[in-house]
Amino acid sequence: MGPLIPLEIITGQWDFVIALLIGSAFGFILEASGFSSSRNIAGVFYGYNFVVLRVFFTAMIVAMVGYLYFSYLGWIDMNLVFVLPTYLNSMLLGGFIMGLGFVIGGFCPGTSYTAAAIGKIDGIVFAGGVFFGIFLFSEFFPFYEGFYTENYLGNVTIGEMLGVSNEIVAFAFVVVAIVAFYATWLIEKRVRKNMTEYKFE
Amino acid sequence: MDKKIGLKKRPVYINPYFGGILLGLLILTSFYIAGRGLSASGALKLTIVEIVDVIAPEHAENNTYYNRFLPEDGGSPLFNWLVFGAIGTFFGGMLSGAIFGRLGKLRIEKSAKISNRTRLIAAGVGGTLFGIGSQFSRGCSSGAALSGTSALSFGGLIVMLVMFGVGYAFAYFFRKLWI
Chain A
1 MGPLIPLEII
11 TGQWDFVIAL
21 LIGSAFGFIL
31 EASGFSSSRN
41 IAGVFYGYNF
51 VVLRVFFTAM
61 IVAMVGYLYF
71 SYLGWIDMNL
81 VFVLPTYLNS
91 MLLGGFIMGL
101 GFVIGGFCPG
111 TSYTAAAIGK
121 IDGIVFAGGV
131 FFGIFLFSEF
141 FPFYEGFYTE
151 NYLGNVTIGE
161 MLGVSNEIVA
171 FAFVVVAIVA
181 FYATWLIEKR
191 VRKNMTEYKF
201 E
Chain B
1 MDKKIGLKKR
11 PVYINPYFGG
21 ILLGLLILTS
31 FYIAGRGLSA
41 SGALKLTIVE
51 IVDVIAPEHA
61 ENNTYYNRFL
71 PEDGGSPLFN
81 WLVFGAIGTF
91 FGGMLSGAIF
101 GRLGKLRIEK
111 SAKISNRTRL
121 IAAGVGGTLF
131 GIGSQFSRGC
141 SSGAALSGTS
151 ALSFGGLIVM
161 LVMFGVGYAF
171 AYFFRKLWI
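So the protein lines, in turn, are chains A and B.
Using the working numbering, read the first sequence as starting at 1 and increasing by one per residue.
Using the working numbering, read the second sequence as starting at 1 and increasing by one per residue.
Not one of these hints is a red herring.
Which stretches of chain A does chain B cover? Using the computed rule of at least three CB atoms under 8 Å from a CB of chain B, they are:
#1 58 to 72
#2 117 to 126
#3 138 to 149
Since the hints were made in silico from the structure, they are not lab data.
Note that the Cβ used here is the ideal one computed from N, Cα and C, for glycine as well.
Generate coordinates for the entire structure from the input sequences, incorporating the hints supplied.
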């Protein structure tokens, strides 16, 4: 029965070793999939490379469906798995700012670590920017402390919010993913025909 | 360009669907073991909290944001799951880069149409925005969008939709940076 650490089946300092291992696997997969390259990542916004969508969507449906099966089989107690709480106003703004940062900088924090790790200066600078941005946010926190917690909906799931079961939600995600895989494959083929300069780096 | 060099230089990436399956299984493993998903920006946040706490402990104590992340037992905020995870992410990326022959000297990757300076400014600005946004969102693309949505969080889904939506909405204005 899981999750193992919250149920104290694994205890002590082992959890940091596990964190290190899971983190390493994360970095390895990101780099091996091509996410240490900002131009590969930004391709999702211009149609010349949809690797972000493919990896992201595949990972999400595998994790989501697997998670529901684990719960169904009694392997994991969903009540003990962290559901990110929803602070609607703050998250809408945060998503907006990150979207801008994404299309300007071409990385997200995790991918910038892997880019920095293989020697990309732009990855190092991006990660430095993230560091600076968090510092700015923290220093000016009193100015938006109220806004930060406005419209709090609790640890609500997508299914609860939409009034359907989470199994239906996962099924919908799978359908949308398959359609998106096919549609973006067509778009990418067409866009790449007209691009001469870009190649995988 | 010489075709041979082009072939030689072309990096090897794993199939994106295969990468996605591995990543999904990793998130699932993380749920099963730790009851939480992956994260990236949290480690930098805790590093900042630690630095501020060392340099100006009173300021850290009084600032209601830093204060949230100072452990109650007075220990270091760096002794945290998120920090070890991010250290792993860095070295995992390095290992993959070494295996696939991408680990190299310091370099800048950019579109041929922009200067190195432009690329670095854009990376710095983008990173700063990401840093600010990730705090409003309670996580970045890894923690909120990917892991949050995978754990069926409504907030995670909102962050993901808005983030990619805004990326597309503004892509036109920043196209010169990329294409």
